[in-house]
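**Student:** Listed here are the chains, written in short residue letters.
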Amino acid sequence: MPGRGIIILLALIWSSLSICTASVVRPISEAHRSAALELFVPFDGSFGSLEDIYAAFRTLEILGLEKTQDVSDVACESVVDKLGSPSSTAKDLFYALKVNSILRCQAETIKFEEIASKLQTVLKSASSLPDFYYSIGSLLLIKNQGFEVLLSDAAGAFQSIKAFSQSDGRWRYDSSSAESSTYAAGMALEALAGVVSIADSEVDKSMIGVVKNDIVKLFDSIKSYSDGTLYFDDKYVHTNDYRSPLEISASVIRGVTAFAEVASGRVNIPGNKVLGVAKFFLSLGVPGTSKDLFHQIEALSCLENNRIYIPLIISLPATVLSLTSRDQLKVDVTSVFGVPAPPLTVKLLQAINSNSDGKPNIENQELYFDQENSIHYLDIASLKVDVGKYNLIFEASLHDPVAEKKYATGGRTSFSAFFTGSIQIDQAELEILNSDGDSIETIESLDLSKDSSLSLSANHLQTFRLSFQPTTPLGHAFKPHQVFLKLRHETNVEHIFLIESSARQYKLTLDFLGFVEKFYYLSGKYDIELFVGDAIMENSFLRTLGLVELDLPEPPEKAPQAPPQPIDPYLRYGPKAEIRHIFRSPEKRPPKELSLAFFALIFLPLLGFLIGLVRLGVNLKLFPSSPGPVAFSLLFHTGIASVLLLYGLFWLKLDLFTTLKILSFLGIFLVFIGHQTLSRLASTSAKVKSS
Amino acid sequence: MAKSSSTDAVTLIRSLRSAYAATPTNLKIIDLYVVFAIATALIQVVYMGIVGSFPFNSFLSGLLSCVGTAVLAVCLRIQVNKENKEFKDLAPERAFADFVLCNLVLHLVIMNFLG
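Quick note, the sequences are listed as chains A and L, same order. Going by full-length UniProt numbering, the first sequence opens with residue 1, and the numbers climb by one from there. Going by full-length UniProt numbering, the second sequence opens with residue 1, and the numbers climb by one from there.
None of these hints come from the bench; they were simulated from the model. A few of these clues could be false.
Stated by the list, open to error - Capping the alpha-carbon separation at 20 Å, the derived lysine to any residue pairs in SDA-like fashion look like this: (1) A:K518 - A:P553; (2) A:K592 - L:V45; (3) L:K28 - A:L613; (4) A:K588 - L:F87; (5) A:K592 - L:G52; (6) L:K28 - L:Q79; (7) A:K91 - A:R26; (8) A:K689 - L:Y47; (9) A:K661 - L:L108.
Chain L extracted, bound-state conformation:
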C-alpha cells in the first residue's frame, strides 16, 4: 500500500515535471522570481521567530515587500500567459510596465514604512 502510494507520488511528480517543462521560458522566469521572493520572505519569518518582532515595522515592510512583489509577479504571470484567453489582447510589455509601476509604488510605501 505504502509502496504503491510512493510510486504514485513519483509518477505524479514526474508527470507534473514533464507538463511544467512545456511552460514557456518567460513564465518560468516569473515562477522563479516568485519562488525567490517567497523564499526571502520565509527567511525573514524564521528570523523573526528566532529574535522576536522588534522592530515590527521593519519586519512587516521586509515581509510585505517580498509578498507584495510576489503577488504582483503572479499577476504579471496571469497577464503574460498566452493560454489565458482573458488577457489575449494585452501586450506582455504593457503587463510588464504595469508590474514595474506597481512595484515602484509598492516600494515607495515600503520604504516609508521601513522607518
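Chain A extracted, bound-state conformation:
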C-alpha cells in the first residue's frame, strides 16, 4: 500500500514539474525591477565601495528605475573624493569615473586633465592586462565627458594587449602568467575597443581583423547546457580567483559587443550563438544576489543593441491552454528587455502530441498578429486538436531581408505545452457477478459527473466489476495518468486498486475470493471511491460511488490482523479538547446552630466534672506553702499549660518540625521541673504517711 502511495506522489510531482519547465525563457520583466529594488538597498546611505555603487546605479539605470537623491549625493561625494586623491589607483579612478558618467557629479570640481595625464603615465608603465583595462577604460570615460584625450602610443598599447592573447581566443592576465582565462578575454576586448575608439586612425586595420578572428575562436569554445543555452566558463587551477559562468559570460559579452561597436565591418559570430548566450542570461530568471543581477542585466543591455546580432526571444506567455474556454495559443517575440520585435511572421511548423508516434497534429500554421498587444496568436480550438501534451515548434521569419542580418531569431524554437479539456466518461457500469462467472447478480450504470449512493451487497464467492470509457472531446480514447479505485471499510482500513485499461475501456475485476486475506476477513460496509485524474483533464474527479456490503468468511486462526489505522495527521495539530478543571464540591455541612449547640453541650460534662470535684470536697491542702516548691509547682503547671498551648498553635498554624523543635526544649524543661515537683510531693506524702 505505501509503495502505491509513493507512485501516486511521484506521478503528481512529475506532472507538476513537466508543467513548470515548459516556459523557462521570458524577457526581463517587472519581477527583475522589483528584485532590483529589493537587492540594491543602501546601507548607511551608500551602496558600499565604488564598484558596488556602480553596479547598483548601472542596474537601476538600465531597468529605468529612480535613484534617490541622498544616495546619489553620498555617491558623488566619494567619487569627487577618489578623483581628487593622489593615492587613487587606476581601478579606483575607473569606477569613480563610471559612477560619475551615470550621476554627472559637479564636473567643475573635477580636474579631468590632471587625471588623464596621471592615467597616461599608468598606461605607459602598464605591464598587466588589468592595468591596461582600467587606464584605457578611464581615459575613454574622460573622452566621453567631452575632453580631448590623446594616446601617445595607441598602436603600441594595442600591440601590448594583443600580446597577452592565446591561440584559442582566450587571454592571459600578464605575460608571466601561464594561465589563460575567458574572463580576461572579455577584459582585453573591452580594453582594445577603448583603444580603437580613442585613437581609431592609429590602429592597424589588419590587427582588428586578427582580433575578430580571436573572437570567433573564443565563441568556438562556448559551452552549452542541455536546454540549448550557451555560456562561457573557465577551468580553474586556483579557487581563490573563481568566477561564476554568469560573470565570465557577462565579461565576454561586454568585451565582444564593445569591440564590435567600434571595429569596422562585421564580427562573424553566428546569430544562434548570440541567441544562446542571451537565453542563458534569461534562463537564470531573477538572480538572488545583487552582483548576479548586475551582471545579468548589464550583459543583456549590451545584447539589446549590438552590431553583431540582436537576439529576439520567442516565448509563450502561457503553456497550459484550455480547449474548453477556447484559449488562444499566444507567442511573444521580443528583444531581451521585452521590446516588440520588428515586423515578422511566426509560423507553427509542427505540433506533435506526445502520445502519438511522431505524426504532427498541426502543420505549417501561420500565426495572426495582434497589432495592439503586439502578440502573435492562433486559435487552436478551430484547428480541431485534441487534448494532450504537445511539442510545439515555431519559426519566426522577419519581413525585412535587411533586418535578417541584424536580428537573430534562432530558426526553429520548440516548446512543450498542455492543451487541456473536459474528458467525457461513458458506459460506466458496476456489476456484481455470481461465482459461475456469467450470471449477473446486480448491474448498476453510473453517472460519473456527480456522486452516487449505490448500495450493493456481495459475498466472497462473487466478483466485483467496474468498467468505464473515458473519451476526449474529439471522441478518441483517453488514458488518464491516475485511475484508482478505493474501497474503505468502516474501520478505515483502505484498499487501493489500480484500474488497468484495455483498448478503449478501463476495467477492474475483483474476485473477492482471492482478496479475502487481503481484506483481513473484515465483513461489513465498504465505501467505494473512484479517482480519475490527469494534468490535461480539466474535470479530474474523486467520486463516491456508494457502498458495498461484503459478507466474508470468519477469519481462521493465525489470520493476519488489520494494521492499526494511522491517526489523521491533521488531528495532531488541530485544537485539543478543552480541559475542564473540576473542583471537588464542598461537603455538606450541618447547620451552624446545631454545631454551636453541640459546642455548648460539650462543656456540660466539664461543668459536671467541676461540680463533682466541688462536691467531693477537693482541696489544695497539699499545695506547698514554702516559696521554692511553690515556684516549682507553678512552673510545672505553667509548663503543662504551655505544651498544651503549643499543641493549640500546632493545630492552628505551626508545622510539625517547628512544633517538635519547641516541644523538645519544653519537654526537657517539663521533665526536670516535673521530677522536682513530684519527688518533693512524694517525699512530703511519705512524711505524712510515716508521721
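We have chain A already, so just place chain L on it with the hints.
**Tutor:** Just chain L now, with coordinates in the frame of chain A:
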C-alpha cells in the same frame, strides 16, 4: 415478682453506693474524670450520628482524645489504688507523671491528626 426485683435492684444500688462511699477521694476524682471524658466522647458520637462523619479525621481525633485520656485515667486509677497490691511499691506521683507524659504524647498525635 416485679416488685421484688425492683426492690432487689434498689438494695443492690444502695449497697453499691455505700460500698463506693468508702473509696478514697483521689480515686473518686479519677472516676469523675473518666466519666467526664466518656460523656464528652458520647456527645461527639451523637453529634456525628446527627450530621454525618465529615470531616472524619476531626471526629476521630476528638473521640480518641476522650477515649484515650479515659483509658489513661483508668490506668492511673489502677496504679494509684492502694488496694491493688501489684503496684504497692509505685509512688502515686510517679503514676501521675506517667499519666501526664502519656497524655502529652497522646495529644501531640491527636493534634497532628486533627488537621
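**Student:** Hints first: check each against the structure and report whether it holds.
**Tutor:** For each hint, the structure was consulted:
no.	hint	verdict
1	A:K518 - A:P553	13 Å, holds
2	A:K592 - L:V45	18 Å, holds
3	L:K28 - A:L613	9 Å, holds
4	A:K588 - L:F87	50 Å, violated
5	A:K592 - L:G52	14 Å, holds
6	L:K28 - L:Q79	14 Å, holds
7	A:K91 - A:R26	35 Å, violated
8	A:K689 - L:Y47	47 Å, violated
9	A:K661 - L:L108	13 Å, holds
The structure does not agree with the numbered hints 4, 7, 8 stated previously, though it agrees with the rest.
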